[in-house]
Amino acid sequence: MAIVTPLRTAAEQQLVEQFANVKAELPGAPSVRRLREAAFAGFEAKGLPNRRLEAWRYTDLRGLLREAKPLARPAADNAAARARLAELNLPGVRLVLVDGNFAPALSTLAELPAGIVIQPLTEALVSARSDLPRILTGPVVAEGDAGLMLNTALMRDGVFIEIADGVDLAEPIAIVSLSSGEAEAAFFHRSVVLVGAHAKATIVEISESLGAKAAQINGALIFETGDGSEVQHLRLVTRQAEQSVQVLSLLATVGAQAKFDSFALACDAATLRQQHFVRYAGEHSEIGLRGVNLIDRTEHTDVTLVMDHAVPHGTSRELFKTIIGGEGTGVFQGKVIVRQYAQKTDGGMKSNTLLLNDGATMFNKPELEIFADDVVCGHGATVAQMDADQLFYLMARGLPRQQAEALVLQAFAGEAVEFVQDETLRELVMAEIERWLQGRRDTVSVGEAG
Amino acid sequence: MAAVQETIDQVKSIDVTEYKYGFVTDIEMEKPAKGLTEDTVRYISARKNEPDWMLEWRLDAFRRWKTMTEPNWARVNYPPIDYQDIYYYAAPKSGGSPKSLDEVDPAILETYKKLGIPLREQEILAGVAPENRVAVDAVFDSVSVVTTFKKELAEAGVIFCSISDAIHEHPELVRKYLATVVPVTDNYFATLNCAVFTDGSFVYIPKGVRCPMELSTYFRINEQNTGQFERTLIIADEGSYVSYLEGCTAPKRDENQLHAAVVELIALDDAEIKYSTVQNWYPGDAEGKGGIYNFVTKRGDCRGRNSKISWTQVETGSAITWKYPSCILRGDGSRGEFYSIAVSNGAQQVDSGTKMIHLGRNTTSKIIAKGIAAGKSDSTYRGMVSAHRKATGARNFTNCDSLLIGDQCGAHTVPYIEAKTGSAIFEHEATTSKIGEDQLFYCQQRGLSEEEAVALIVNGFVKEVLQQLPMEFAVEAQKLITISLEGSVG
Numbered sequence: 001m002a003i004v005t006p007l008r009t010a011a012e013q014q015l016v017e018q019f020a021n022v023k024a025e026l027p028g029a030p031s032v033r034r035l036r037e038a039a040f041a042g043f044e045a046k047g048l049p050n051r052r053l054e055a056w057r058y059t060d061l062r063g064l065l066r067e068a069k070p071l072a073r074p075a076a077d078n079a080a081a082r083a084r085l086a087e088l089n090l091p092g093v094r095l096v097l098v099d100g101n102f103a104p105a106l107s108t109l110a111e112l113p114a115g116i117v118i119q120p121l122t123e124a125l126v127s128a129r130s131d132l133p134r135i136l137t138g139p140v141v142a143e144g145d146a147g148l149m150l151n152t153a154l155m156r157d158g159v160f161i162e163i164a165d166g167v168d169l170a171e172p173i174a175i176v177s178l179s180s181g182e183a184e185a186a187f188f189h190r191s192v193v194l195v196g197a198h199a200k201a202t203i204v205e206i207s208e209s210l211g212a213k214a215a216q217i218n219g220a221l222i223f224e225t226g227d228g229s230e231v232q233h234l235r236l237v238t239r240q241a242e243q244s245v246q247v248l249s250l251l252a253t254v255g256a257q258a259k260f261d262s263f264a265l266a267c268d269a270a271t272l273r274q275q276h277f278v279r280y281a282g283e284h285s286e287i288g289l290r291g292v293n294l295i296d297r298t299e300h301t302d303v304t305l306v307m308d309h310a311v312p313h314g315t316s317r318e319l320f321k322t323i324i325g326g327e328g329t330g331v332f333q334g335k336v337i338v339r340q341y342a343q344k345t346d347g348g349m350k351s352n353t354l355l356l357n358d359g360a361t362m363f364n365k366p367e368l369e370i371f372a373d374d375v376v377c378g379h380g381a382t383v384a385q386m387d388a389d390q391l392f393y394l395m396a397r398g399l400p401r402q403q404a405e406a407l408v409l410q411a412f413a414g415e416a417v418e419f420v421q422d423e424t425l426r427e428l429v430m431a432e433i434e435r436w437l438q439g440r441r442d443t444v445s446v447g448e449a450g
Numbered sequence: 001m002a003a004v005q006e007t008i009d010q011v012k013s014i015d016v017t018e019y020k021y022g023f024v025t026d027i028e029m030e031k032p033a034k035g036l037t038e039d040t041v042r043y044i045s046a047r048k049n050e051p052d053w054m055l056e057w058r059l060d061a062f063r064r065w066k067t068m069t070e071p072n073w074a075r076v077n078y079p080p081i082d083y084q085d086i087y088y089y090a091a092p093k094s095g096g097s098p099k100s101l102d103e104v105d106p107a108i109l110e111t112y113k114k115l116g117i118p119l120r121e122q123e124i125l126a127g128v129a130p131e132n133r134v135a136v137d138a139v140f141d142s143v144s145v146v147t148t149f150k151k152e153l154a155e156a157g158v159i160f161c162s163i164s165d166a167i168h169e170h171p172e173l174v175r176k177y178l179a180t181v182v183p184v185t186d187n188y189f190a191t192l193n194c195a196v197f198t199d200g201s202f203v204y205i206p207k208g209v210r211c212p213m214e215l216s217t218y219f220r221i222n223e224q225n226t227g228q229f230e231r232t233l234i235i236a237d238e239g240s241y242v243s244y245l246e247g248c249t250a251p252k253r254d255e256n257q258l259h260a261a262v263v264e265l266i267a268l269d270d271a272e273i274k275y276s277t278v279q280n281w282y283p284g285d286a287e288g289k290g291g292i293y294n295f296v297t298k299r300g301d302c303r304g305r306n307s308k309i310s311w312t313q314v315e316t317g318s319a320i321t322w323k324y325p326s327c328i329l330r331g332d333g334s335r336g337e338f339y340s341i342a343v344s345n346g347a348q349q350v351d352s353g354t355k356m357i358h359l360g361r362n363t364t365s366k367i368i369a370k371g372i373a374a375g376k377s378d379s380t381y382r383g384m385v386s387a388h389r390k391a392t393g394a395r396n397f398t399n400c401d402s403l404l405i406g407d408q409c410g411a412h413t414v415p416y417i418e419a420k421t422g423s424a425i426f427e428h429e430a431t432t433s434k435i436g437e438d439q440l441f442y443c444q445q446r447g448l449s450e451e452e453a454v455a456l457i458v459n460g461f462v463k464e465v466l467q468q469l470p471m472e473f474a475v476e477a478q479k480l481i482t483i484s485l486e487g488s489v490g
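For the record, the sequence lines run as chains F and L. Mapping the first sequence onto the numbering used here, position 73 (from 1) lands on 73, and the numbers just tick up by one. Mapping the second sequence onto the numbering used here, position 13 (from 1) lands on 13, and the numbers just tick up by one.
I should point out that these hints are in silico values taken from the structure, not numbers from a laboratory. Mixed in with the good hints, there may be bad ones.
Said to hold, decoys possible - DSS-like cross-link-like pairs, simulated, lysine-lysine; straight-line CA separation at most 30 Å:
(1) L:K114 <-> L:K66
(2) L:K434 <-> F:K259
(3) L:K479 <-> F:K46
(4) L:K463 <-> L:K434
(5) L:K176 <-> L:K207
(6) L:K93 <-> F:K344
(7) L:K366 <-> L:K463
(8) L:K366 <-> L:K252
(9) L:K366 <-> L:K434
(10) L:K434 <-> F:K344
(11) L:K150 <-> L:K207
(12) L:K463 <-> F:K344
(13) L:K114 <-> L:K93
(14) L:K114 <-> L:K463
(15) L:K66 <-> L:K176
Looking at chain L on its own, in the form it has when it is part of the complex (with noise of 0.2 Å):
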């Protein structure tokens, strides 16, 4: 019985009340004033040293965004968000861009380190095996602290590096490809990021390179009243493969905090995207006070012939998510996924799903949502699967499954299925169960608690999603999701 006690005493050892990684790191912040003007979009700029055309691009956006409003269609409840009074902008005065770790300081290292995100190459390398590293990208509140294997991966023709430093470097890149995917005006959210967005991860991928290790970034936001609006840019060239992790954590906080992030996948011909969120940002407390709003537009265009985009997304954190991670099927024979496991407790509030858009011939997706529901959260799925007149011969497989633990909750499926084209075949599925009781007894008849007999049968639930991320993930994702659903029976 060695393996389940290890078991019982990793899951007692944390309180689901104590969020793992609420944790303030006390450090010297610089920041522009509260609210959003141009002067705040201008500072912003500055502060980056952005080139003019980057200045006006965000100027632009910004002077769109005051002229929409925000959507409210999405099946969730929060009182207005005033963005004045958020910080846009919020800097480690020590930062900026070190050169090496050791200019790093050492009180962000030790967040880093308590996250146990590995930032040290050799930390890294010891004790693991070579074809497991990662190479990670952290962010700090508004910058980028530091990237590593940086060198490594250049070898190889890798660009991987935060985007403030491809504005720099990689200026025709960056132009040729920024907002193709998700257009400045996309929606309420988007503008505002194009007009505020900070940092975050910029990849390329040449012709035909495979890249040589796991790409990661780590977002954190730590100082108070701030939003977080991080960019990033995936562009893999024909032929190529990246498989990239993004992980999120936020300190306790009784205020709740923005995040509005916008995430651009290109993928060229034969090329393929792999792109994991492990996402726990601090959800709140059980009663729905504090928490992260975490609004996001992720979209992935398969814009080469037999193109690949896939989105794995284990969502358990944030007070509020809304979020569609979606594929663009444009290139013929290009292929979308979407596997999903949103688990809410407390007083969460989760709207998530993705869309698959199928303009390409003999275009193929499929969709693997998995919530779960407990406490007095609420769930929905809400998902478009469409094919377009020429999109002959789509094809897509669409499978959304709910768990509902204890009477508070709810779990919604809000799928729309459009089928333009008289050679598409399209299948949609949907349950909502609870538990099974025959199964929970069946489970705690050989000496399981009735809280283990949940994790266990929930981990079954959802392992066709945790399947699709990479090791080290999974294990993490396991873990999460059994914290998560701690004190919801019983």
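One chain only, chain F, in its complex shape (with noise of 0.2 Å):
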């Protein structure tokens, strides 16, 4: 048989030309390059993940990426930024990136909380800490993973963020990731939390473009949580540029009796995959992964998730919730990995679809991979239209269609917002869902599509 090479694309061959130019200039200690390097190498040899991933089935990145956009640089004070960011209003601390650079201006770290250190991603990266290259390398199951590798090859900025034992945040930290939209380039950011033990705190992460001119992002969020510690995480990715490409991987390790829960909301976010790799420490730890996702014209929206049961006695949640209207297309894929130790395991994932016309697509693939006797564990998948009886009961009391629809889909996504346990962010996360809904009427009617 003839050996084969395998052939580039357009856009892979650009990467590969894009990380020998910038990789000299790429912040690290020498572990952290070793790191890129092989993690680049690792890019090189499977490309940019495609459908023969079994991971990737239905995310074709290859297929998406006709061409690497060039890599933003730096940019100036952003009067579109400041806009934005006065109007979004957010309580607490926040730390602001701009195309993927940390921009201390538009950032609050003048009152930090005690027991917060926070620093620029550039800075860590070139520390002398000895266990940096296991923090940013996270969970055994996110190994491998071609968008991860590519993340970690070519990541630029973000915020390092280390909470002390103990500390109880009364207002939460947000990173906001600002595309600034205003010509093609691609991104490549990454942040790191690290929660003492028997810490509380509340992570909001925000990802939205400023601008109409497509952006590449690939970023990253790592947390590790300390034993007894209590963590919510919160995502909104919304407002993206038409013909974004989007992928955020979250990696999560948690302690020991700890609770971890992650909120994530996705509207308007173009093309969109989202990969949460999440690992239990310690034992006696809860873990809740939901979200909403809100799709329409031709967007897609990706929700993939490993949940790694490596020890006994974990609690695991999983709910997400997909509205699916237009073209667009949704991907759901849940795997719950319960080790052969990992007894007393109690999981639960489900996933809701509502297809709202012709033309919706949903993928679902919810797994479990169970190796431990004494364990419960279930799955749900459901796909379907909204409830006929639930719009005439409605209207039958006198409310219009659309008004109808909207307070059935509003609901439907409620049961997975409810989650949100901080009720100024349940209120933006519900905002941004009205507003959605809103859109969606003003451009065709719910009620003659369906």
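Take the two lone chains, each set in its own frame, and fit them into one complex as the hints suggest.
Here you go:
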């Protein structure tokens, strides 16, 4: 047989050239540089994630990326960013990245609560910390992921947050990643949050675009949480430029008797792949991953998660609600692994989808991989349309059809949103959902399409 | 307590390490040289006196097979198979195609008697109500030795014979339908089967006929180092109905043997096919030595409007199972069903499931899969439900539950659910758990031993599927499950 040489696509070739050009200037201590080189070698061998990789079977990045956009350069102070941040009016500490670069001028670093240390990733990467490679690698189940490898190789900036043991943060810390959208660009950012034992924190992650020019974004957020800690993570991916392609990885290693809850809302997200890799590092912890995906036009939203029950007595809950209209495509791939010694695991995973019209597509792949016998694990996945009985009930009470539909959809999404504990943040999420529903009403009548 | 005592005795009488059907029939066999070349294919075709078109078809498949690579995506592990170290054809010397039972080698008849398969029609009639009669096609290694009730079936217009006979007697039907459901190059093992298939059953139910009795094929692998490659083709013409059963056993041996079958079902307008399998190939010993590699491609095509295909399977045997009986729901309003129990013990590996491909409008499907893993075995459910863009109103319900007995085994679920039409309604649920301690306690408190209690609970767990089996099979399957799990507790 002939020896097959893998052909590189234009985008892959461009990425190879980009890495060769920038690797000298990318920040990093020698150990970080080794990580970058190894990760890029992995990417070179595999190429961009494509349909042939089981984990990427429904999101074909190789097909989606015609070309690799030029790497973004640090932007000057941005008026549009200031305006948007003022509008958002987030409580607590605000850390802003513009095109993947930390922007201290836009961030509120002046009055940090006690017990918190924040530094730009560029600084953290060159520090002498010996545990840096471990932290940056994340849970073992994330190893070998092509999207993440690319991030490891090319990550430029982000924030590195350390929360000391026992600190109870009253207000959230927000990491706001804005794409300036002034020119087509690509950027790779990564942030790290280390939460000490028995500390309590809420971390908000926002990804938005300010302009109409497409961006290729590859972001990663890494959590390491201590024993007895309680962490809330909220992610909002909204208002993306139309042709944008975004890969967001969430890596979490959760300590014993800890709580970790994540909620992600994606709407107007263009092409988005969210991947969660979560590992239990200690017993008796509770982890919840939830989210709402609102998909319209030709958008594509993929949620892929791997929950690694590596120790006994872990509880996990996943709940994802997806609403798809237009020619949109939704993907949910959830994998719950229960290792042989992880007895007494309690796992429950659910993906519910409403298809609003023909043309909408949903791919569900909820997986269980169980090697321990004393466990209770289950998953459910449904795909259906809006319940005609519910609509009828509301319309019989005098609500016009559009309003009735909006109410049904809002309630459907609300089942997941109610897990966001912070009231201000929950309202922020609901406001985005209402905005999306309103936007849909203005363009097409949901009822007509259904 | 009589009934309970009886159950205990029954279970006790069969030691799990003693696979009941593991005996060998000592009989002179005719085989070509080991290995697979074009000559082997020609030899098989010549032995069966096949027409030229069949030989060409086989050779074409063989040439394609040589360019293919063995799939490795299933969650099963086995050493590489040496395809040149297998006999691809083995027929009893005295066999061929006997005209009546008197011409069949008595050793073979004895084998089937030991297996409890009735081949003499008068024996079947004795003491059994007429409506419970089953017509049997008995396949011994590579050849069909006898098909019962042929005459009576012919009166109803039903064709039930070995596929070799069908190639001679009904070439028009075979040519029209063969490989239209599972294409020649569908997958590695199916293509291999096309090249070297030896025998199997052929069923044709004419328009509007309800097959007067259950049809059944009993496969027996006897010879050492042989592979069994059977091919079954069932066609239910408009408005007809047939229920078909399949059973299989093999002797105990230390080597692994390959069984790569292809089964194709075709249901035309308003027709219904019910296909039941009790698969009990030799599973190997507790350490995983020996046993059958069961790599099977089974697919049904609901080609006509309102047609229905139902698969029911009880999988207790085989060292490795790799099979996904599927339904292509092409006709508007057609329905596919899949009921499965997969029991694995010892070092068995099961990767099984189904595909429901919704293509027509208002098609419905239902999947009930129950996996029970014990010992050091691994059981995977792998399934796909997909609705094409034009399959408006597609509906599916899937339920797959796994039960784990012991902490050395694994149970996995890998479902793919793809809705490409806005009006699809798909429901999927899966659970994995172990037998409840309170359930066990309750049973034991009432005097059942732990093993009996487990058997009782397991039978309750799989009841939904057992109910789908024809009566005789249900009883056998229930016993099989109990036996397969023996030794898994305590």
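Failing hints, ascending?
1, 3, 6, 8
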